[in-house]
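Protein chains: 2
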Amino acid sequence: MADKKMVEAITSMEEDFAQWYTDVVKKAELCDYTSVKGCMVIKPAGYAIWELIQKELDARFKAVGVQNVYLPMFIPESLLDKEKDHVEGFAPEVAWVTQGGLNELPERLCVRPTSETLFCDFYKNDIHSYRDLPKVYNQWCSVVRWEKETRPFLRSREFLWQEGHTAHATAEESQERTLQMLNVYAKFLEEVLAIPAIKGQKTEKEKFAGAIATYTVEALMHDGKALQSGTSHNFGDGFAKAFGIQFADKDNTLKYVHQTSWGMTTRLIGALIMVHGDNEGLVIPPRVAPIQICIVPVMQKKEGVLDKAYELRDRLAKDFRVKVDDSDKTPGFKFAEAEMRGYPIRVEIGPKDIEAGKCVICRRDTREKTEVALEELETKAAEILETMQKEMLERARAHRDSHTYVAHNMEEFEQIFNEKSGFVKAMWCGCRECEDQIKEKLAVTSRCMPFEQEQIADTCVCCGKPAKKMVYWGRAY
Amino acid sequence: MADKKMVEAITSMEEDFAQWYTDVVKKAELCDYTSVKGCMVIKPAGYAIWELIQKELDARFKAVGVQNVYLPMFIPESLLDKEKDHVEGFAPEVAWVTQGGLNELPERLCVRPTSETLFCDFYKNDIHSYRDLPKVYNQWCSVVRWEKETRPFLRSREFLWQEGHTAHATAEESQERTLQMLNVYAKFLEEVLAIPAIKGQKTEKEKFAGAIATYTVEALMHDGKALQSGTSHNFGDGFAKAFGIQFADKDNTLKYVHQTSWGMTTRLIGALIMVHGDNEGLVIPPRVAPIQICIVPVMQKKEGVLDKAYELRDRLAKDFRVKVDDSDKTPGFKFAEAEMRGYPIRVEIGPKDIEAGKCVICRRDTREKTEVALEELETKAAEILETMQKEMLERARAHRDSHTYVAHNMEEFEQIFNEKSGFVKAMWCGCRECEDQIKEKLAVTSRCMPFEQEQIADTCVCCGKPAKKMVYWGRAY
Numbered sequence: 001m002a003d004k005k006m007v008e009a010i011t012s013m014e015e016d017f018a019q020w021y022t023d024v025v026k027k028a029e030l031c032d033y034t035s036v037k038g039c040m041v042i043k044p045a046g047y048a049i050w051e052l053i054q055k056e057l058d059a060r061f062k063a064v065g066v067q068n069v070y071l072p073m074f075i076p077e078s079l080l081d082k083e084k085d086h087v088e089g090f091a092p093e094v095a096w097v098t099q100g101g102l103n104e105l106p107e108r109l110c111v112r113p114t115s116e117t118l119f120c121d122f123y124k125n126d127i128h129s130y131r132d133l134p135k136v137y138n139q140w141c142s143v144v145r146w147e148k149e150t151r152p153f154l155r156s157r158e159f160l161w162q163e164g165h166t167a168h169a170t171a172e173e174s175q176e177r178t179l180q181m182l183n184v185y186a187k188f189l190e191e192v193l194a195i196p197a198i199k200g201q202k203t204e205k206e207k208f209a210g211a212i213a214t215y216t217v218e219a220l221m222h223d224g225k226a227l228q229s230g231t232s233h234n235f236g237d238g239f240a241k242a243f244g245i246q247f248a249d250k251d252n253t254l255k256y257v258h259q260t261s262w263g264m265t266t267r268l269i270g271a272l273i274m275v276h277g278d279n280e281g282l283v284i285p286p287r288v289a290p291i292q293i294c295i296v297p298v299m300q301k302k303e304g305v306l307d308k309a310y311e312l313r314d315r316l317a318k319d320f321r322v323k324v325d326d327s328d329k330t331p332g333f334k335f336a337e338a339e340m341r342g343y344p345i346r347v348e349i350g351p352k353d354i355e356a357g358k359c360v361i362c363r364r365d366t367r368e369k370t371e372v373a374l375e376e377l378e379t380k381a382a383e384i385l386e387t388m389q390k391e392m393l394e395r396a397r398a399h400r401d402s403h404t405y406v407a408h409n410m411e412e413f414e415q416i417f418n419e420k421s422g423f424v425k426a427m428w429c430g431c432r433e434c435e436d437q438i439k440e441k442l443a444v445t446s447r448c449m450p451f452e453q454e455q456i457a458d459t460c461v462c463c464g465k466p467a468k469k470m471v472y473w474g475r476a477y
Numbered sequence: 001m002a003d004k005k006m007v008e009a010i011t012s013m014e015e016d017f018a019q020w021y022t023d024v025v026k027k028a029e030l031c032d033y034t035s036v037k038g039c040m041v042i043k044p045a046g047y048a049i050w051e052l053i054q055k056e057l058d059a060r061f062k063a064v065g066v067q068n069v070y071l072p073m074f075i076p077e078s079l080l081d082k083e084k085d086h087v088e089g090f091a092p093e094v095a096w097v098t099q100g101g102l103n104e105l106p107e108r109l110c111v112r113p114t115s116e117t118l119f120c121d122f123y124k125n126d127i128h129s130y131r132d133l134p135k136v137y138n139q140w141c142s143v144v145r146w147e148k149e150t151r152p153f154l155r156s157r158e159f160l161w162q163e164g165h166t167a168h169a170t171a172e173e174s175q176e177r178t179l180q181m182l183n184v185y186a187k188f189l190e191e192v193l194a195i196p197a198i199k200g201q202k203t204e205k206e207k208f209a210g211a212i213a214t215y216t217v218e219a220l221m222h223d224g225k226a227l228q229s230g231t232s233h234n235f236g237d238g239f240a241k242a243f244g245i246q247f248a249d250k251d252n253t254l255k256y257v258h259q260t261s262w263g264m265t266t267r268l269i270g271a272l273i274m275v276h277g278d279n280e281g282l283v284i285p286p287r288v289a290p291i292q293i294c295i296v297p298v299m300q301k302k303e304g305v306l307d308k309a310y311e312l313r314d315r316l317a318k319d320f321r322v323k324v325d326d327s328d329k330t331p332g333f334k335f336a337e338a339e340m341r342g343y344p345i346r347v348e349i350g351p352k353d354i355e356a357g358k359c360v361i362c363r364r365d366t367r368e369k370t371e372v373a374l375e376e377l378e379t380k381a382a383e384i385l386e387t388m389q390k391e392m393l394e395r396a397r398a399h400r401d402s403h404t405y406v407a408h409n410m411e412e413f414e415q416i417f418n419e420k421s422g423f424v425k426a427m428w429c430g431c432r433e434c435e436d437q438i439k440e441k442l443a444v445t446s447r448c449m450p451f452e453q454e455q456i457a458d459t460c461v462c463c464g465k466p467a468k469k470m471v472y473w474g475r476a477y
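For the protein sequence lines, the chains are A and B, in the order given. Letter by letter, the first sequence follows residues 1 to 477 in the numbering used here. Letter by letter, the second sequence follows residues 1 to 477 in the numbering used here.
A hint or two may mislead.
Computed beta-carbon distance windows for the label pairs [what the hints assert, rightly or not]:
id	chain 1	residue 1	chain 2	residue 2	range
1	A	D249	B	N279	49 to 57 Å
2	B	P92	A	K84	20 to 28 Å
3	B	D81	A	T379	56 to 64 Å
4	A	D16	B	E147	25 to 33 Å
5	B	K26	A	D326	49 to 57 Å
6	A	T22	B	K26	26 to 34 Å
7	A	D58	B	P92	32 to 40 Å
8	A	N125	B	N279	25 to 33 Å
9	B	N279	A	H128	49 to 57 Å
Simulated from the structure, these hints should not be mistaken for laboratory data. Using N, Cα and C, we set each Cβ at its ideal position, and we do this for glycine too.
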């Protein structure tokens, strides 16, 4: 049973989802505000999740030939200026370094908001021949965007991410890589974070500054809002032409490279909280849980109890990330804390259990309790973690599906967004005006044109002209 | 046999060590200059070494209770100003952000040169009671120092590092942690990078801005110059008092915490190059070699050769980091390239070898060649890597010892530094004036007061007054 004091401290999701989110972030000690406006501290419990995300994602990158590099964090203004659409997109939200040491700089440097321009500048010198291609580089770093309104993990002036930047000999190859990385993201979301994603293409209005096509994985949060969880961009040869990145091809002619970029950020921690969390707090999918099993000794002052807890920890540590909560708090408080922090499994063990050669396993998501013989602990724990990971994904998918609606016309469309919250599938004519109108009226944006198209109607939900694409619409973080 | 063209391209160490270093960095494709003055690109071969350094060091940190976090990259000027010595030390060499988005900032932000002030600001809010102590946090990030002269890995305006920052209830505990982390560094250098280090304390003149004591691990490069390879600082309660970091102790009184910090950087890659490299190029200690074994097929167009090379790779990949060089270069060129890049083992396999069921292993550091039966390849490779790691350390230690001199008086001291290059052990009175004089005259600095003291003489090598400490002196990077 959870300790009252602890539980009462979180606002319920139903009452105020935004406050619930802030409470969970704070109470589970994931991150905190700082004296640096708009920036956050990622605390150990939050950073450990990011480390596991990095490890998993990085291994998946390396499996598809990605190599890591590190480029400077500063971009000279003249470099940022080279690609017209790109600079227009980013210039209004960058931080500028104007002084170095005691001197005014001859040229302002912006702190990278993203590194396309730096990679182009690098590739220009590093690529000469078709033998130098493809380049499939990635970097893990922090970037800065001078946002006005910030929220922990979801939007902050500095955030951590990875940014992949590739260069290819042909347009086909760069398109292939763009989609390959989108698929890496979608599989990672499903298999590791237990988050089902809609894969699709962004509209012209929503695409990345400088790209010819932007693809996205869109996830649905528990409150029915959408979260863009990763994007992959095909730049064609636009950047290459702006920066002069040419190579001598096999036929001895000079050609421009074709480029891509793709990124995922610490936003994913926000996604994980908002997809899986509940009114007891955080629920972490086992594969990225820094602590998978928390052992709580009951009546720990009785002889042998703590020793047994440590013995179980040492046994479990061979296969799992495990800790013993041997603090001087009450068991009830520890139970509540373990729930708040989202540990997938809590093992309760007291003097009577020890005598009977058993313990109690409590699964975080369903809060189901099972008595387990001590000799079967490893097997049972492995089973439960596996099941939990699988069922978390199934539950998230069921939630998404039950919050995905269809609108055939504007009346239905408005009614859904006025009464409900979720994705709405509706047809679109392809014009920016309709997107603008929908955004202004309902604060709803096109999330993507999904790869899996359906012919819901023949006309655009907004203007009634012939429809070109089915679009997922939603209110987004 | 190595390809002439390739080998001739490097300046020899004996001819011009600085040029040799630059050539190796460039030819082994570790890093490169960029359009961003004073900043570098760390290329895949260099970054992969850094990843292995991180992995090893991070595991050693976690084994002594360190937790990772992430703090903002910006420090408001008022925060940097809080500790007097610290701001004096760093303010002249920081980069300042003065504009965010389209607006002038109300207060300048410096890009972190180090994060003591940010950690203090965070701890002030996060530490309340003795139960919150100790805090043993670390972050992996990049920092910026506006250096005038830069050199790849050794000194650049932006570099990668880890910075540990801890807070403790007592002075004893913070001193203990300071030395514990210094020992982690020394063991890491020896066991992983095969670099023997002198452990000792910095003099007042050389200590970190704001510390009460700075400890260092000093390594000797092949050219006899010293490289400070890691430092660990005890701050006492100086920062705590400047920032007001207090906790309620068990006796219910408010006390100031005691703090430490410690760091290692991408400089270590420079150290590795300059300790182990030779006139053929880079030599990477097996434990941090991104490629431990490079298989070079000979007459690879003959049927079965490439297949055999891939088969061996697949076998070796179970235990080692391995690649096949199946490019269309000549074997001679590939051999030279494998040497330049410092792969510990090169495996040569051609049609005759396959027929005889054997291959040739060439060890990078000694260039010793051994014929090995194919079925014994794994065992033999493991043996050679182990031996190589061990002997690289022994060789580095022998080099350091044979380049460590003793001076009893100023005449000897000057003569050594005029004729030779290395560490000089000599007595010191403890006065800054003598250090200043020695630096001015010989461009030599005190590297450290080693933990292992010897009584070489009774008087200071410089002023002749009674000696207090034996000091390691040297010319440093």
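In rising order, the numbers of the hints this structure does not comply with: Checked against the structure, the hints that fail are numbers 1, 2, 4, 6 and 9, while the rest are satisfied.
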